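Chemist: Each residue of the sequence shown is one higher than the one before, starting from 531 at the first, in the numbering used here.
For the record, the hints were derived by calculation from the structure and aren't laboratory data. Being a predicted model, the structure only gives us computed values, none of them experimental. Some clues are possibly wrong.
List time: in silico DSS-like cross-link candidates among lysine-lysine, alpha-carbon distance up to 30 Å [as the list claims (entries may be wrong)]:
{"no.": "1", "residue 1": "Lys799", "residue 2": "Lys822"}
{"no.": "2", "residue 1": "Lys700", "residue 2": "Lys630"}
{"no.": "3", "residue 1": "Lys799", "residue 2": "Lys733"}
{"no.": "4", "residue 1": "Lys787", "residue 2": "Lys815"}
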Amino acid sequence: MNIIEGGVTAAMGFEAAGVEASIKYQNRKDMALIYSKLPCKAAGVFTSNIVKAAPVLWDKEVVSNSPYAQAVVVNAGIANACTGKQGYDCCKKTAGAAAKCLGISEDAVLVASTGVIGMQLPVERIAAGVELLVKNKADTIEAGLQAAEAIMTTDTISKQAAVTIEIDGKTVTVGGMCKGSGMIHPNMCTMLGFVTTDIAISKELLQEALCEDVRDTFNMISVDGDTSTNDTLIVLANGAAGNPEIRTKDEDYGKFKAALNYVNTTLAKKMAGDGEGATALFETKVIHARTKEDARILSRSVISSNLTKAAIFGHDANLGRAFCALGYSGVDFDPEKVDLYLENEEKTLPVYRDGVMLDYSEEEATQILSAPEVRILVDMKAGDFEAAAWGCDLTFDYVKINADYRS
């Protein structure tokens with residue numbers, strides 16, 4: 531696997547664009563397009579929130595029932611959630627406008643929105659934005675970056691990743707972009723994520739690979755404990771690499787899954803580290819758990835703990851809070867066998883051994899917690915399974931951002 535520059539335009543046959551359409555924001559890009567020159571197999575996972583935004587309902591229908599997908603239109607600023615029939619009609623009009631401009635079928639167009647809940651989208655501006663996107667689309671790295679920037683809301687950085695692998699002598703590329711900074715909790719995936727690949731693979735295996743991978747990537751992040759109405763993760767595969775279509779879970783399927791996992795993990799971690807107001811990426815890794823699911827639940831519980839997140843922000847090694855979060859996770863374990871370590875890229879500091887706090891250096895702990903990436907390592911000493919989850923610290927700025935989000 532080779533890590534390369536780029537995002538959704540890295541794979542062959544994909545174009546993108548990002549433009550200013552003044553949907554809600556002024557003087558910044560707020561609409562994006564992803565387009566494949568070839569029809570794509572499409573897979574998707576969506577929010578588990580019962581309150582689902584109109585674009586989620588539209589996309590679920592396209593992924594489940596359309597023979598192929600070929601374009602995605604995204605807007606930022608207004609979520610098109612809790613908008614009733616008018617909101618769903620807007621999805622149809624958006625897809626229709628894109629289909630007309632691109633010369634493709636309406637049911638081959640996916641749509642996505644992010645932003646304020648409850649507001650109706652300005653359909654005329656959306657339609658004008660679609661025309662501008664189609665005029666500006668390109669297959670360059672810069673075009674992919676423009677698209678990644680256009681889907682941001684409270685994000686402070688754009689988020690992209692891409693890799694190549696070799697399958698049957700063909701170079702296969704997997705690239706993606708996502709956005710998300712708040713209203714993120716492990717209950718599906720992220721707010722919005724899009725992965726493109728030129729691999730040839732069956733629709734069934736593409737969907738299965740995505741569903742399995744989400745459990746250990748986007749489902750393992752949390753910023754604030756809120757699951758969005760708009761969570762959407764789409765994968766498009768257009769087959770342009772020319773490899774024999776993958777139809778069985780063979781070695782080639784394993785290579786693709788590894789590439790997909792790298793892209794999704796990278797994007798998920800970027801999102802967690804860019805949580806609203808965050809100053810640090812906060813990881814919890816659980817090792818030697820009794821089962822894989824135990825490891826997932828335990829690690830998620832710690833990174834979701836507001837008290838632990840606040841301690842990370844204060845550079846205070848008050849890891850009794852992390853131990854507490856393990857205890858209320860719902861997993862049964864022996865606390866007198868658990869070890870805790872505090873880590874960054876340079877140091878590892880034992881803090882608890884067999885459930886008892888050690889006499890460690892507070893100064894050294896503060897130094898570790900002052901790094902931009904901090905990890906709590908938990909050794910359950912109960913089995914052979916492990917998992918990692920990612921979050922961020924809880925800061926004053928999180929409250930400031932969300933206290934006046936609509937303005």
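Chemist: So, for every hint listed, does it hold in this structure?
Modeler: Okay, the hints, checked on the actual structure:
Under the criterion of a C-alpha separation no larger than 30 Å, the hint pairing Lys799 with Lys822 is consistent with the structure, at around 20 Å. The suggested pairing of Lys700 with Lys630 is violated, with an alpha-carbon distance near 34 Å, which exceeds 30 Å. Straight-line distance between C-alpha atoms of Lys799 and Lys733 comes to about 27 Å, which keeps the hinted pair within the 30 Å bound. Our distance criterion of 30 Å between C-alpha atoms is met by Lys787 and Lys815, whose separation comes to about 22 Å.
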